[in-house]
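J.: Protein chains in written order, with our numbering: chain A, 1 to 273; chain B, 1 to 273; chain C, 1 to 273.
Errors might be hidden in some of the hints.
If chains are identical, the list can't say which one is meant, so a pair holds when it fits in one copy or spans any two.
What the hints assert, rightly or not - The list that follows gives simulated cross-link-like pairs (lysine-lysine, DSBU-like), each with its CA atoms no further than 35 Å apart:
#, residue 1, residue 2
1, 11, 98
2, 162, 11
3, 266, 109
4, 266, 98
5, 98, 78
Hint data in this document are derived by calculation from the structure and do not stem from the laboratory.
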Amino acid sequence: MFQTIFANVRKACPLVHNITNYVTVNDCANMLLACGASPIMADDEEEVEEITALCAGLNINIGTLNRRTIASMLLAGKRANVLGHPVVLDPVGAGASKLRTETAERLLKEVKFTVIRGNISEIKTLAYGNGTTNGVDADVADRVTDENLPEMVAFAKAFAAKTGAVIAITGAIDIVADSSRAYCIRNGHPMMASITGTGCQLSAMTAAFVAANREQALEATAAAVAAMGYAGELAYERRSATDGNATYRNGIIDAIYNMTPETLEKGARYEVY
Amino acid sequence: MFQTIFANVRKACPLVHNITNYVTVNDCANMLLACGASPIMADDEEEVEEITALCAGLNINIGTLNRRTIASMLLAGKRANVLGHPVVLDPVGAGASKLRTETAERLLKEVKFTVIRGNISEIKTLAYGNGTTNGVDADVADRVTDENLPEMVAFAKAFAAKTGAVIAITGAIDIVADSSRAYCIRNGHPMMASITGTGCQLSAMTAAFVAANREQALEATAAAVAAMGYAGELAYERRSATDGNATYRNGIIDAIYNMTPETLEKGARYEVY
Amino acid sequence: MFQTIFANVRKACPLVHNITNYVTVNDCANMLLACGASPIMADDEEEVEEITALCAGLNINIGTLNRRTIASMLLAGKRANVLGHPVVLDPVGAGASKLRTETAERLLKEVKFTVIRGNISEIKTLAYGNGTTNGVDADVADRVTDENLPEMVAFAKAFAAKTGAVIAITGAIDIVADSSRAYCIRNGHPMMASITGTGCQLSAMTAAFVAANREQALEATAAAVAAMGYAGELAYERRSATDGNATYRNGIIDAIYNMTPETLEKGARYEVY
């Protein structure tokens, strides 16, 4: 099924509007191109509504938020809602500062999100109003493991029911859930933690996947998460002894560029609960 | 002739001031270094006039414009004009929003540009006050082809006559024109469309080329366009089976770094009308 | 000794708060990850104090400063001082504009820095209130050579005494000094000048090194400088004929990723005065 979903992205070439941080923005743009979509970045209040109207999907990432861009996120998100465009939220660092937590909460209140993708600490912060955090990384104590998986799946489904969004919690084991079903995805490689922006890139790609698969937000999100993890595996396999995290970063984007719907279908490893 | 032009860049090492978007800014900096120039990025109103005064050329790119940086673009552009420094405009996404279109128009009215470089949709927007657009990419209907080439060359020359700037329309076939002559450049590779920022990088490099070849803005722009396209060809040739767009992005910058005036002279493919 | 210092970074995995320019920010983040630290970027006044409180060190880089981020730098710097966190200043382009020079001076007056790292022109600007500069690059006339080394070492020690900070002047020969001792580091490769951001990356990495070696700021800074230079050598050795500055940029980050405390100890070349 991921095969059809990915083929739809390559066929539709969705234009995705990104209001995102300046740390990983170039990687997000190249990742969107790698998966077959087109990126546009625009964050000024005076143009975000118009830009989002041109696009097929919107990706809001609070990574280096400020007062000016927060206003733009709200404007663009509401406009995308009116137009019925899918909207993805990446609550980078929610829990790490009051500004991030409150902005994420305000976005959740004023904008209807199709997908919320974050690490477990960020998602817990959104669900419970507070959470532990380690900067922009998940707190170790929070991590999804095989032991706590049933509990985490229930948590993701409940938060999906509450928000009406597909919830994607990414980490060593990824959970992608709506209110009734959850994909637990086993793709990925630990080395992905050694580069900045794999989460941001995945959120951007998720916006493309849901934009090209409007009626299947759960499956489209699961396919994007599996594709990212599988790309991390492929890039690791191709790594030479002197390669480090910089080359690995390029390798992941390259792997998405060269991934086909068929290889994704074969490479994806997941269970559905 | 491109040989001499490129040799002048390597000899002069022009310092280029860039007010550009945060998506591709790092690539622009590394591309300037690759061609033998030096980059400086500064976008605050309080310093842009001073910074531009230190430099040999200015590159204005509206890719992620906002109110603050628009004011800086105007200040820097006017100051560069007073000093007689070459100024390049990259009207990224003109036509995609009122803010971008109006900002590009205002810049054209208040600043005298040496070169305007964009895709065909962006340039048509500037010339006609409106245009079709596909976000930051050219609309397919607009594309320059062998069939419409004479008409497009006439359009470019007419817009060059109107603005007093060299007009560079880049795409599968590139047109670089002043009011009386046009270079049609056949270098490039379709894979260049799969990475973000080749246009931005080219605009930055063009600023370096015209800064080092003050009396030959047309030829300098044509040489920069040919160099970029040729680099796209070379990077494609060197590509291995598992490389994708991320490695290709590095390959293009690498190819400019290793390009010599002689290899550019041999690799450039163009006609003059 | 550099061995123990680097091992401490890998053990402590310090979280480093960066208020830095948008040109090289991604490279700074990946370099921090490469050396074993974690990056967080946040530049809004409303959150910088909280973010810095979460972290083990702060890196302030004025590369693309503006009014908004200058206020954040001051807030974060003062907060880090109250908390006793190490703070690094990278005065990018001090001397190139009044805004940069005055901002650097104001930061020096209001914040106590653990380390100040810049090229010789930037450091002279801070020390003398003015200096020659070539944009963001050092002026040739200023460069540290074997001939002027004793004088430069004395200058660095005197400025260290005046500021209470470790002074790191990087270039072909690097000087890292406190008021009584100076490391002259001979690592590095001329090709490092062909990529943007090696200085910024080094400043970020230095913040991690001093954060993980709180009682040894001089040695930690010297170790970071040696590691960066040695990475430049290793990346150059691994370079193939068609590689250029883009691949070299990745190669340097990769070399830090793969560097061990032992290889750094063996590869570092320096004298102590």
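J.: With reference to the structure, classify each hint as holding or not holding.
T.: A quick look at each hint next to the structure:
1. Proximity of residue 11 and residue 98 under a CA criterion of 35 Å is satisfied inter-copy only: 29 Å between copies versus 41 Å inside one chain copy.
2. Only within a single protomer do residue 162 and residue 11 lie at most 35 Å apart by alpha-carbon distance; the minimum there is 33 Å, versus 40 Å between protomers.
3. Taking identical chains as interchangeable, the C-alpha atoms of residue 266 and residue 109 are never at most 35 Å apart, the minima being 39 Å within one chain and 56 Å between chains.
4. Taking CA atoms no more than 35 Å apart as the test, residue 266 paired with residue 98 passes in neither setting, with 43 Å inside one copy and 45 Å between copies.
5. In this assembly of identical chains, the alpha carbons of residue 98 and residue 78 lie at most 35 Å apart whether taken from the same copy (23 Å) or from different copies (19 Å).
The structure fails hints 3, 4 (numbered hints given earlier, in ascending order).
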